[in-house]
Structure formats: structure tokens, C-alpha cells
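Residues per chain are reported as follows:
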Amino acid sequence: MTLFEREGSEVEALLTDRYLERVLARATGGPSSGPVDALLNPVLRDAADQLRRDLVRVHPSFRFEERLAARLAEAAAALRMPAAVGAESGVVPIGVLGRASVEGDDGDEGAYLFDDGELDRRELSRPLLIGGALTSAAISLAGAAWVAWRARPARRGSAMVRAARAVREARLAAVHAGRLD
Amino acid sequence: MARPVFGRVRAAGEAGSARVTHLDRDRALVEEARRDPASFDALYRRYLAQVYSYAYYELGDHHEAEDATERTFLAALANLDRFEERARPADGDGASTFRVWLFRIARNVVANQRRGRRRHPQAPIEAAALVADPLDIEGGAAVRDEAAAAWQAVGRLPADRRRAVVLRFVEEMSTAEIAGVLGRSEGAVRVLIHRALRTVARDLGRDGRPR
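Going down the list, the protein sequences come from chains A and B.
Heads up: the first sequence runs through residues 1 to 181, numbered per our numbering.
Heads up: the second sequence runs through residues 1 to 211, numbered per our numbering.
Hints are not guaranteed to be accurate.
Here's a subset of chain A near chain B, in silico, CB distances under 7 angstroms, partners left out [unchecked claim]:
#1 ASP49
#2 LEU51
#3 ARG52
#4 HIS59
#5 GLU66
#6 LEU68
#7 VAL167
Hint data in this document are derived by calculation from the structure and do not stem from the laboratory.
Beta carbons: idealized from backbone N, C-alpha and C, even for Gly.
Same shape as in the complex, but just chain A (with noise of 0.2 angstroms):
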């Protein structure tokens, strides 16, 4: 392509765009027509109209609209409760997850799942007390009880065990005196 070829591009695309502006500002009582649509080619025009006429918005379905609402709202408590019940204690914050993949269906570059700009990590940003107070004090008896089994005093046994324990305490003492080999 030469470069009057992609300037005459260029300029072609902007008229496009000057036409949609008012294409799409039509519905809410812009001008319907412009000085420049007559330079626009009648075909992209025509497309254009089509387009602006046949891609239509589609809504999901008020069943779906509800229980994602729900969803939200629950989740939405969820991130409270930190703030309310478990600002005195402490808490772990999740350090950096990594790169969060994506894109790539048509070779654009790799972007992130949340990406406004800072894309060369994915942190969290918000420290996360798993599940609120009530999750974190059964964590909390879990770990007091796996602490004293672990601290517990010396390990008795079973009785087979402990019986096993005295043949052998018996054949060292044996030894020792001389009585076996």
C-alpha cells in the first residue's frame, strides 16, 4: 500500500466515523444529516444503516437478572464482614497471583483479567479473612487442638506396642550383662 493509498485510508475511516457519530446520535435527536456524508461512499453508508438498524441490544432474562443480584449482594456482605468483625485481628494478605492469562484468540498481545493499566502483576489488593469471624475462630480451634495433639506428652502406645517395647528393653539388658550374644 503506498502511502496516498494509506493516507486516503486513513481519511476514508475518519468520514466513517463523522457518519456514525451521527448515525448513532440520530436516535436521540442529533442532526440526520452531515456536510461530509456525501463524500462517504454510498455503500458503507448503507451498511452502516443496516448495521445501526439490526444489531439490536439484548437483555438477559429477569430469572437471571434476580439471582445475580442475589449473587452480588451476597458477595458484597461478604467483603463488609472483613471490615466489621475482623478489623482487630490480624490478617494474611494473599501475595501475587501471577498472570492471569488470557486473550490470544486473535494474536493481540497478552492482556489480564483485570487490567487498568498496571498489567505486569495481578495482586489483591484487599488482605482476605477467609469466610468472616465465624470461619476464622474454627480456624483458630482447629489449630489449638492439632497444637496440643502435637505438644502432647511422650506417646504411650498400644499394648502390643508396649509389650514389644519390654522384650526388647529386656534383650538389650541381657546383652549388656553378658547372657546373650
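Let chain A serve as the given structure and place chain B on it in line with the hints.
Then chain B, alone, in the frame of chain A:
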């Protein structure tokens, strides 16, 4: 018609040239949702149909579109603190409003979903029936056929052009907003849409050539 997220202002000393500035009309709702996550509902209701439509055009299936919509809003709610409005003229390219940020999440969620299934989406032609007037049986059929042809033509576009067209015509976004969502320059978006229109015109036989 899209609500005027982006407005034009004339800078002092600039004779005859208009500069686009970006006004995030969602700022108050975003701030409220940050204070009280339950207030996120207002943003959800405002953008549900837009996000769902985008997902539906991209995925071609109601259930998958619902799934993508749910993931998008849950991610937006969980990461709202990370949203940073960059919508002043001084911010230049890469300006971001809440709507642009939300659609960037949607775009990535949808891309992940499309990649997961490894097949090209079919144009959801049955939805073209929505365009027709149900009371006008004869005329309705013709309108339906035309709409189905348009949907198919858009569905056959390369991914980047298809996205740009859907954001422009269905979501009624400005070129600047689409640039923000797709991570391209405004000039690149204009060229994408222009080329898409040429392809669609050819596909619909509007250029006089046989299809």
C-alpha cells in the same frame, strides 16, 4: 443512543479545534459502592444489558453469555478498589472510565471463555427475530432475513473487527471508549471499523458484487 460519557471541550487558545475530554458519569456511584459494596447494585443494573449483549454477540449462546456476565460483575465488585479513573484531559490516551474498565474485564472474561471451548462462535441468528415486528408477518420475515444476514456477516469478521463493531453499534461506544476497551489507539479503532464495514458491505452484496 449512548449516554454522553465523552464530551467535547474547546481548549483556551485553540481556534477551531475541539479536544475530547472524558467525563466519568459513574463517579458518584463508584464512590458510593466503594464505601458500601451493597451499593454496587446500581452500577450492576445500569450495565447489565450492555455487558450481557457484548458477551452474547461474542459467544453466541445465552447460557455462556450469562456465565460471562456473572464472572464480569463479580470480578468488578471484588476489584472495585483497583479501579482508577483516568478521565481528565491531562490523562491523554488510555483514559479510563468505569464503563471502559468494566468492558475490559468483560472482554478478558469472554476471551478466556472462547479460548476454553476452542471453536468459533456461531452467529446467534435466532436473536435476529427480535428485530422484526411480530405483528407484521410478511414484512417481519424480510426484516428477519436481513437482520440474520447482518448478524452472520458480523459473526464472520475477524475477532478484533467484530469486537469493535459490536462495541460501536450495539454498545454505542465512542471511538475513544472502544480504544480504551481494546487497548488500541483511536486511529486504529477507526480503521478497524472502516474495514469491518467494507467487509460487511461486500458480504451483504451492497457493493454490487455477487456474494
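Structure-based check of all given hints:
no., hint, verdict
1, ASP49, "violated (10 angstroms)"
2, LEU51, "holds (5 angstroms)"
3, ARG52, "holds (6 angstroms)"
4, HIS59, "holds (5 angstroms)"
5, GLU66, "violated (11 angstroms)"
6, LEU68, "holds (5 angstroms)"
7, VAL167, "violated (63 angstroms)"
Of the hints listed earlier, those the structure fails to meet are numbers 1, 5, 7, in rising order.
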